[in-house]
Structure formats: structure tokens, C-alpha cells
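Read top to bottom, the protein sequences are chains E and V. When we follow our numbering, the leftmost residue of the first sequence carries the number 1, and every step to the right adds one. When we follow our numbering, the leftmost residue of the second sequence carries the number 1, and every step to the right adds one.
I should point out that these hints are in silico values taken from the structure, not numbers from a laboratory. If you're wondering where the values come from, they're calculated on a predicted model, not measured in any experiment. You may find that some hints are simply not true.
[Said to hold, decoys possible] Computed cross-link-like contacts, SDA-like style, restricted to lysine to any residue with a CA-CA straight-line distance of at most 20 angstroms:
#, chain 1, residue 1, chain 2, residue 2
1, V, K29, V, A54
2, E, K37, E, V17
3, V, K49, E, K378
4, V, K30, V, G58
5, V, K29, E, F40
6, V, K30, E, T45
7, E, K37, V, A41
8, E, K18, E, F40
9, E, K37, V, K30
10, E, K112, E, E160
11, E, K48, V, I92
12, E, K48, V, D89
13, E, K37, V, E53
14, E, K18, V, K49
15, E, K37, V, D89
16, V, K30, E, R46
17, E, K18, V, I93
18, E, K48, E, M1
19, E, K378, E, P388
20, E, K48, V, I15
21, E, K37, V, I15
22, V, K49, E, A31
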Amino acid sequence: MTNAIAGLGFAPDAAMVKFPIDLFLPGSDIAAIEARKQEFYDGLTRWKSDFAKAADGSPMLSVEGVSYEDALAKANHLMIANLWGDGLPIWPATRERTDWILRGTPLPRTHKIGKFPPRGGVTTVETCAVALAMAGGRPEYLPVLLAAVDAFLDPQSGAELLQAASGSAFPVVIVNGPIAKQIRLNSGFGCLGPDPQQPAGASIGRALRLIQQNVGGALPGIGAMANYGGMRYTNVVFAEDEAGLPEGWAPHATARHGFARETNSVSLVFANGATNIRRRGAKKETPEEDATQGMYRMADFMRVPNTPGLAGYEQGSPGVLMIPQVVAQAMAALGWTQQSIREFLWEHSKIPLAQLKRGGVTAWIEIDSNPLTRASLKLDPWPITAKPENIVLIVAGGGHPTNSYWLQGYSPRVTGRRMQVPETFEQLLTEADQDLGCGSDYCRV
Amino acid sequence: MTTIEFHDPSGAIEITQKHAPRIPSLAGKKIGFVSNEQWQAFRTLPLLKQLFEADHPGIQMLPIDAYPQGNALIGAEETAQLVKNSGVDAVIIGNAA
Chain E
1 MTNAIAGLGF APDAAMVKFP IDLFLPGSDI AAIEARKQEF YDGLTRWKSD
51 FAKAADGSPM LSVEGVSYED ALAKANHLMI ANLWGDGLPI WPATRERTDW
101 ILRGTPLPRT HKIGKFPPRG GVTTVETCAV ALAMAGGRPE YLPVLLAAVD
151 AFLDPQSGAE LLQAASGSAF PVVIVNGPIA KQIRLNSGFG CLGPDPQQPA
201 GASIGRALRL IQQNVGGALP GIGAMANYGG MRYTNVVFAE DEAGLPEGWA
251 PHATARHGFA RETNSVSLVF ANGATNIRRR GAKKETPEED ATQGMYRMAD
301 FMRVPNTPGL AGYEQGSPGV LMIPQVVAQA MAALGWTQQS IREFLWEHSK
351 IPLAQLKRGG VTAWIEIDSN PLTRASLKLD PWPITAKPEN IVLIVAGGGH
401 PTNSYWLQGY SPRVTGRRMQ VPETFEQLLT EADQDLGCGS DYCRV
Chain V
1 MTTIEFHDPS GAIEITQKHA PRIPSLAGKK IGFVSNEQWQ AFRTLPLLKQ
51 LFEADHPGIQ MLPIDAYPQG NALIGAEETA QLVKNSGVDA VIIGNAA
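Same shape as in the complex, but just chain V:
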């Protein structure tokens, strides 16, 4: 038998931060949207907002455009700060290339 031993070419992955903890329930929570405003977001995200509001009385869904939108802006540190300052419990991200 002949053996060939070779390197895995994929490179290591470093995990430097944890995913945000989930919220226990949606009741009475404040939820925002961060959107790059592409791919029919103008139709899909308002529908999602309506569904959340209909199914979870007391939930506060922020307007879709509460934060800056667009590819160049949704990843900006300023946008992240605006999200934090707004006091939301969670955000839904709509982002696609």
C-alpha cells in the first residue's frame, strides 16, 4: 500500500466572540430591522413587521427605516451604535448580495 499524507488547505477558524443570547420571549419586546434595502426588502420586511405585531401583542416593532439602510451603511460602526442606543432587545437583519 502507498500512503500520501497532505495538509488540509482550509485554514483555521478563530472564534473571538459569542453569538448574542436569545431573548426568552417576544412579549413586550422592542425589535428593530437592519436592512441593506435590496432584494424586495421593501415588501418582505413590512410583511414580517405586520406578522410580528399581529402574533405578539405588546411587541414594539421599530420602523423598517429606523436605522441607516444600504450595503455601505448597515455594517458601519455608527449604525451598530445607533442600534445599541435605541435600546432594542433584538434585531432582524436583511442582507444579501
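If we strip away everything but chain E, and leave its shape as in the complex, we get:
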């Protein structure tokens, strides 16, 4: 709550009467309210803010140790004690390292991107560079992080709600454009997890999470009420496998955001679930049967009462469906297009209204603020999203036909941003080759 207050520009405290969660559960004993009624009266008549002064800028901190290792350990301890860590070792954002990261952008370090909700921490280019330094990132990753943060801070993105809400939303950053391969961002095998040959996604996503927590105030159980908080160590940052797109299929950023092909861009979606779908058949299916059965199975996974997804019913997304390029190519050869796949999935993921009523989902739809969402209750079976185009379909993942992947959506919008790279970007890539070894496809194991 103090985050939300600070985010509105007030001193980050308020007249509050706090109770344990038990009071707010169905059938609870609410006698504690009467016992503490004076606190309510005082809150309206006597309360004063204890917050004396706003913090000015981001001060430098200092630790001393008998050796570098000792000082590094103390720096990490201090960051945990100050609630700035994530439990994994952190690289202190020294001036030198932060300045190195800042080589990845043409923007001045003081350029203000916005205020990170709900706490309202001022977020500058330097703020992002500091987080990327802490997360073990490199300067060539900074354009992706800056674009992702800019998308995150779009007032329409829904981030203000999702940062604090209990539904365990996590950002999914989909990257299009040549920068993905240039910075070693994975679009293939294991693209949602760690990969030493393509390490960019881990530190970009981790940096975004650190900003969410340290600048946005999304501390578990305090500023972020996510029950589980899955996928939050590194969030999800991956590239679309543009080289694997069948002929005639548009990159996601072109289809969804209208960006020209070869534009370096991010697309930000929020999700609250991650599910593998064993898609292929097990016997002697024909290609047509394999495609159709796989499609039905994917639709079955999507046909769930995901009430948080109502936030994006009209203009957001019910989720991100990832299919590997080998599947996309096979389906395209059978005549499937991106749109016909979306339409099939939309049609076959509809939920019978009786099933929605049985689970009380209709109550959530009835109280939704969007009239279009409320009106959807007239439809039986009920579509999980207002239109097929809302389903984000991405070609990504290893070149293997067995599985697809469903990132269940909790996304009021799908927000796109172009990136800016500095004139010296090629030099940064050369330095990355020197530091990390050859990064091209030919060099990969």
C-alpha cells in the first residue's frame, strides 16, 4: 500500500490500520475491528507522516574487506540486507561497470523513462544500467532492457496492477530483429532457460526483475502479493525464430505491432503460467492427422477458466503459444496460416457456459469493468478471449516436433517498442566475441 501511495507522488506512508490476513477471509471473526477502532479515529484526526525527506538521486554505497573476495561478499550481504537482492550472487554496480554497460545506448544516462509502479521509483537509463550490471549483463543487452522497461512503463500495459497483484504475473519479453542473434539471445532449444552459449535472456530478464523489485517496490509479501511468483528469477526473455518462419508468415512484431521486418523490437506480454504441451502423435498418424490432433491438444490446454486473463479479454492476450519451427513448417506445408491456426485454437478452446457457472467463473466475468467482457457471458460456449488475433503465436523453441509451449496470459495489453542501438554497436559485438568466444551459429556446439 505504501508503494501505491508513493507511486502517486505522496510521501511513502499513510494513515493505515493493518490486520492479519485472517480477518479478510470468508467467515472470519471481525471483532478485532471494534477492538482497534481508536486507530481508525486517530487516522482521520491525528496521524502525521513520519517521512521526513525524499531521497535525492541514487547515492553510492561502499564496503570494505580484507580482500576483494571479502569485500564482494560484504557487498552481497549489504544488498540482501537492504532487500535489493534475489538470493543469487550479484555483481555490484560499480561506477566502472555501470559506465561500461551504458555504452550500449545512445541515450544519456539521466534520460528518464518513467516511474516504476507501484512504488514510483524514478527509472532512468542509469537505473536500468545499474540493474543490468547487478544481473551480470553486458552493454549490448542494454537496448533490449531499455525497450522492455519502456514497454513495461506504458500506462496501458497493466504493469501497475500486475506488479502488486496476487496472480503471479511475470513479464514475457519477445524480441524480434537481427539484434537477437547479435547479442546471443536464444530462440531455439531451451530458449526459456539458461544457456551458456546464448546467455543474454537470463541477465536481461533478471535485471528487469531487479528493477521491478528495487525500483518498483515489488517485494514478495510486502509490495507484491503474488502467492507463488513463478518464473521470476529471470522472467522470460527470448527471441522469435525468424529464420524458421515459413514463407508468408510474418514476424510477431510485424503482425502485432506493425513494425517493419528487421526492426529491432520487443513485445511485452504478461503471463501467469508456463506449460509444456506434448503435441505430436504417438503412432502412425498422417501429417494431416498429426497437425490436427496437435491443434486440438493445444486448444485443450488453452481451455481453462483463467480469470486473471479477463484483464486482457478485449485488447490483451490469453497467452503466448510457442511452436517450434519444424512444426510451423509442416503445418504451413499443409496450408495452415498464422491466422487459421489462431482461429482454430480460438474456436476449439471455448468453454461451455455451464462449466463456467459450475466453477463460479461467471461471477468474475459479471464484475469485470469492461462491458465487452461482461457481454461475453451471452456466448455459449464462451471464448477465452474476444478474438482469435489476441492469441500470441510465436515460432520459437528447439527444432524438434514433439512439444509446444503455452504461456498462459495475464496481460491487459501486448506492448511493442522499437529499440535504439548506439553507433558503436558493432564494436560492442566484436568485444563480446573477444570476451565470450565466437557467437555465430557456425561456432555453436
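Put chain V on the given structure of chain E with help from the hints.
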């Protein structure tokens, strides 16, 4: 000794507006509720209303639903305007995610 100096990563906080001044007493005042109608608000806020009325004769407590309720509505500018137009001296906010 080795020293490591590094940036505070938390970002600055800008204070752009002051909290509302407190009212000197509750006697004879008009108080409203702004609620997102979640988390047992239908039981807790009416109890609070009763307590205020019992302990402060002359106080005017507006009905719980005097203003629009729900997550999407309590933060709306239209709701804030309705609160101002109603002439209340203070509001109690019930809001939780």
C-alpha cells in the same frame, strides 16, 4: 583493505503532493467510504460505519456504496470527483489486491 563502491539500485522517489491535512475532530463531520468491495468489505465496512456512528454523535457516515465500488472504479478520476462533490470531510479507503 579493499573497497568496493557501487550504486544504490533503488531509484529516487519524487514527492509531488502532500497528504491531506487531518480533521481536528470527528464531531459533526461527514465521512465517506471508498471500497474495492473485496476481502469481506461487505462485513467489515458496515461494522466500521456503526462504530463511528455510535462513538461520535452527530457524525454523518455516508452509505458504503455512496461512490462507485470495485477495483476498476475506485481509482478513477470520475470517482474522485464524486467524492469531492459530495462534500465529505474525510474518506476511509478499503482497498486490497
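How the hints compare with the structure:
1. K29(V) - A54(V): 14 angstroms, holds
2. K37(E) - V17(E): 9 angstroms, holds
3. K49(V) - K378(E): Not satisfied, since the Cα-Cα distance of roughly 38 angstroms exceeds 20 angstroms.
4. K30(V) - G58(V): Roughly 9 angstroms between the alpha carbons, so the hint for K30(V) and G58(V) holds.
5. K29(V) - F40(E): 14 angstroms, holds
6. K30(V) - T45(E): 13 angstroms, holds
7. K37(E) - A41(V): 16 angstroms, holds
8. K18(E) - F40(E): OK: K18(E) and F40(E) at ~10 angstroms, within 20 angstroms.
9. K37(E) - K30(V): 17 angstroms, holds
10. K112(E) - E160(E): 18 angstroms, holds
11. K48(E) - I92(V): 16 angstroms, holds
12. K48(E) - D89(V): 17 angstroms, holds
13. K37(E) - E53(V): 12 angstroms, holds
14. K18(E) - K49(V): Holds, at about 17 angstroms.
15. K37(E) - D89(V): The given pair, whose Cα atoms are some 19 angstroms apart, holds under the 20 angstroms limit.
16. K30(V) - R46(E): The given pair, whose Cα atoms are some 17 angstroms apart, holds under the 20 angstroms limit.
17. K18(E) - I93(V): This hinted pair holds, its Cα atoms lying about 12 angstroms apart.
18. K48(E) - M1(E): 17 angstroms, holds
19. K378(E) - P388(E): 18 angstroms, holds
20. K48(E) - I15(V): 16 angstroms, holds
21. K37(E) - I15(V): Not OK: K37(E) and I15(V) at ~30 angstroms, beyond 20 angstroms, violated.
22. K49(V) - A31(E): 14 angstroms, holds
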